[in-house]
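Participant: Letter by letter, the chains look like this.
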Amino acid sequence: MKARKKIKLFIQGFLTFNILWYFFSIIVNMRVLPSPIDIYLNMGSLYGEELYIHVLVSLYRVVSGLGISLVLGISIGLLMAYSKRWSKMLNPLVYFTYPIPKTALLPVVMLLFGLGDGSKIIILVLILVFQILVAVRDAALNIPSETYDSIKSLGASKLQILWNITLPAILPELLTTLRVSIGTALSILFFAEGYGTQYGIGYYILDAWTRIDYIGMYAGILIMSLLGFTMFILIDILEEVICKWKA
Amino acid sequence: MLEINNLSVSYNSENKPVDALGPISMQIESGDIYAIIGPSGCGKSTLLHVLSGIIKGYSRQVLLDGQELNPKKHDVGFIPQNFGLLPWKKVQENCLLSLKIKGKAIDSAANERIEYILNKLNIHSLIDRYPNKLSGGQKQRVAIARAFIMNPDLLLMDEPFSALDALTREEAQELFIDIWNQYKTTTVFVTHSIEEAIYMGKKIVIMSHCPGTIVEIIHNPLFNTENLRQNEEYLKLSTYIRSIIKKGWKI
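Top to bottom, those sequences are chains A and B.
Per our numbering, residue 9 is the first one in the first sequence, and the count goes up by one each step.
Per our numbering, residue 46 is the first one in the second sequence, and the count goes up by one each step.
Simulated from the structure, these hints should not be mistaken for lab results.
Take these hints with a grain of salt, some might be off.
[As the list claims (entries may be wrong)] Simulated crosslink set (BS3-like; lysine-lysine; CA at most 27 Å straight-line): (1) A:Lys166 with B:Lys135; (2) B:Lys117 with A:Lys252; (3) B:Lys61 with A:Lys92; (4) A:Lys10 with B:Lys134; (5) B:Lys135 with A:Lys254; (6) B:Lys117 with A:Lys92; (7) B:Lys178 with B:Lys145; (8) B:Lys178 with A:Lys13; (9) A:Lys166 with B:Lys147; (10) A:Lys252 with B:Lys292; (11) A:Lys254 with B:Lys134; (12) B:Lys165 with A:Lys166; (13) A:Lys14 with B:Lys101; (14) B:Lys178 with B:Lys165; (15) B:Lys61 with A:Lys252; (16) A:Lys166 with B:Lys145; (17) A:Lys254 with B:Lys178; (18) B:Lys292 with A:Lys10.
Values in this document were obtained by computation on a predicted structure and should not be read as measured data.
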């Protein structure tokens with residue numbers, strides 16, 4: 009039922025978007041804005057250009073960046089929620105660094121960590137970790153204290169409390185943050201892949217742009233959107249499976 | 046036996062210590078069921094939180110069978126006002142959580158007990174549901190099942206029936222007494238209903254205003270009587286309790 013609704017939503021959105029695009033391309037009537045039909049017809053021929061390598065490289069960067077950010081963000085966030093001392097120590101730093109536009113640090117990160125994948129993943133982590141950390145900390149602080157009562161009266165260990173109460177309680181908010189993070193991660197990725205690499209879907213788009221290959225450029229943009237969309241759907245599925253109790 | 050020796054609890058509010066409870070002392074024989082009744086804010090819930098180990102640092106004043114009360118060593122069942130079911134666990138997982146936390150194996154004896162209790166409380170058909178798909182009365186029965194499944198040394202209940210409507214409440218109380226008679230678990234429960242105290246408490250403890258102390262402990266001859274409300278004694282006892290409460294609560 010829910011899945012069917014989502015598929016319907018997807019198809020509606022897809023059609024509306026493409027119809028708008030189509031009419032817009034007719035009105036503008038420039039090579040810079042080809043009609044969607046040209047792009048879709050050309051998608052097949054892109055396979056030979058080893059587009060999938062670009063996709064895989066980008067996927068590797070995004071997934072590693074998200075993974076590392078999740079591990080760091082969840083552990084530091086929980087540490088700050090449950091330990092007053094750690095919270096006192098880290099809170100000023102988080103508060104101060106949160107609004108700094110960390111994409112501006114890309115040159116610094118590249119100088120420090122080289123041009124390779126490392127620096128791209130690090131810049132992703134630098135940005136994502138704070139979002140996740142703050143969301144996890146606030147979600148954990150918002151768990152009503154009565155929720156812990158029953159399990160405390162059973163003499164549960166800290167690890168048992170973490171596993172049975174804290175993690176399931178913050179999971180819905182964590183997934184929401186993850187959704188936002190994926191959007192952010194892909195935007196940063198596009199930016200980061202403009203430098204010091206010959207692979208990645210971001211590079212592919214920029215490269216097609218400089219070669220004035222507009223069909224290829226749009227195909228790249230579509231592929232990148234598709235990447236984001238697939239990850240969104242995966243999170244939806246994940247939510248259905250592990251947050252069944254919320255339904 | 047549960048011994049409470051000179052227990053008083055205070056907490057800090059805006060850097061000033063505030064007395065919340067006590068000093069109180071009482072001795073509860075094994076297999077007894079005590080109803081604690083008192084005005085709101087008198088520290089009834091605080092007392093239960095100390096006994097259940099949720100508030101720490103007072104364990105020395107509380108002995109269970111001669112040993113300092115410790116939720117890690119003793120099996121303490123606790124049914125809070127909101128039933129305390131974890132929304133992300135199915136009924137079955139909620140029921141078995143206590144055994145899991147305590148690291149107890151679910152052997153054939155435990156299984157038999159679980160089956161018996163689930164059937165008795167008529168929640169066998171609900172085991173695959175999540176708590177948000179249950180009615181208040183069903184949640185209550187799951188909470189009772191969870192408490193009895195672990196076979197606790199001490200059972201604590203914080204206004205366990207107050208969230209239910211009148212009819213469901215009576216049914217739940219009957220079910221509880223029925224199953225309690227089976228296991229005779231040492232029980233302390235808090236209530237603000239005189240009727241509930243008389244129906245379910247072998248002894249009734251009346252507490253004073255904050256910081257709560259014991260005004261009187263009444264032996265309740267009407268415990269476990271059927272058709273309680275038609276009994277003449279019932280009216281007398283409840284009037285008596287009411288009069289003490291009025292006196293005690295004015296102090």
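Participant: For each hint, tell me whether it holds in the structure or not.
Facilitator: Right, here's what the structure says about each hint:
1. Distance check on the hinted pair: lysine 166 of chain A and lysine 135 of chain B sit about 22 Å apart at the alpha-carbon level, within 27 Å; holds.
2. Pair hint lysine 117 of chain B plus lysine 252 of chain A does not hold up; C-alpha atoms about 31 Å apart against a cutoff of 27 Å.
3. Distance restraint check for lysine 61 of chain B and lysine 92 of chain A: the Cα-Cα separation of roughly 20 Å lies within the 27 Å cut-off, and the hinted pair is therefore satisfied.
4. For the hint pairing lysine 10 of chain A with lysine 134 of chain B, the CA-to-CA distance comes to about 22 Å; that is within 27 Å, so the pair holds.
5. Between lysine 135 of chain B and lysine 254 of chain A the alpha-carbon distance is near 12 Å, which keeps this suggested pair within the 27 Å criterion.
6. For the suggested pair lysine 117 of chain B and lysine 92 of chain A, the alpha carbons sit about 25 Å apart, so the restraint of at most 27 Å is met.
7. Proximity of lysine 178 of chain B to lysine 145 of chain B is assessed by CA-CA distance (about 23 Å); at most 27 Å being required, the pair is judged to hold.
8. With a C-alpha separation of about 22 Å, the suggested pair lysine 178 of chain B and lysine 13 of chain A falls inside the 27 Å cut-off, and the hint holds.
9. Of the supplied pair hints, the one linking lysine 166 of chain A and lysine 147 of chain B holds, its CA atoms being roughly 13 Å apart against a limit of 27 Å.
10. For the suggested pair lysine 252 of chain A and lysine 292 of chain B, the alpha carbons sit about 52 Å apart, so the restraint of at most 27 Å is broken.
11. Under the criterion of a C-alpha separation no larger than 27 Å, the hint pairing lysine 254 of chain A with lysine 134 of chain B is consistent with the structure, at around 11 Å.
12. Between the alpha carbons of lysine 165 of chain B and lysine 166 of chain A the distance comes to roughly 34 Å, so the proposed pair goes past 27 Å and is violated.
13. Using a Cα cut-off of 27 Å, the hinted pair lysine 14 of chain A and lysine 101 of chain B is violated, with the two alpha carbons roughly 49 Å apart.
14. For the proposed pair lysine 178 of chain B and lysine 165 of chain B, the alpha carbon gap of about 21 Å is at most 27 Å, so the pair holds.
15. Under the criterion of a C-alpha separation no larger than 27 Å, the hint pairing lysine 61 of chain B with lysine 252 of chain A is inconsistent with the structure, at around 45 Å.
16. Between lysine 166 of chain A and lysine 145 of chain B, the direct Cα distance comes to roughly 14 Å. Compliance with the 27 Å bound is thereby established for this hinted pair.
17. Under the criterion of a C-alpha separation no larger than 27 Å, the hint pairing lysine 254 of chain A with lysine 178 of chain B is consistent with the structure, at around 10 Å.
18. At most 27 Å may separate the alpha-carbon atoms for a hinted pair to count; lysine 292 of chain B and lysine 10 of chain A exceed this at roughly 60 Å.
When held up to the earlier numbered hints, the structure conflicts with 2, 10, 12, 13, 15 and 18 and fits the remainder.
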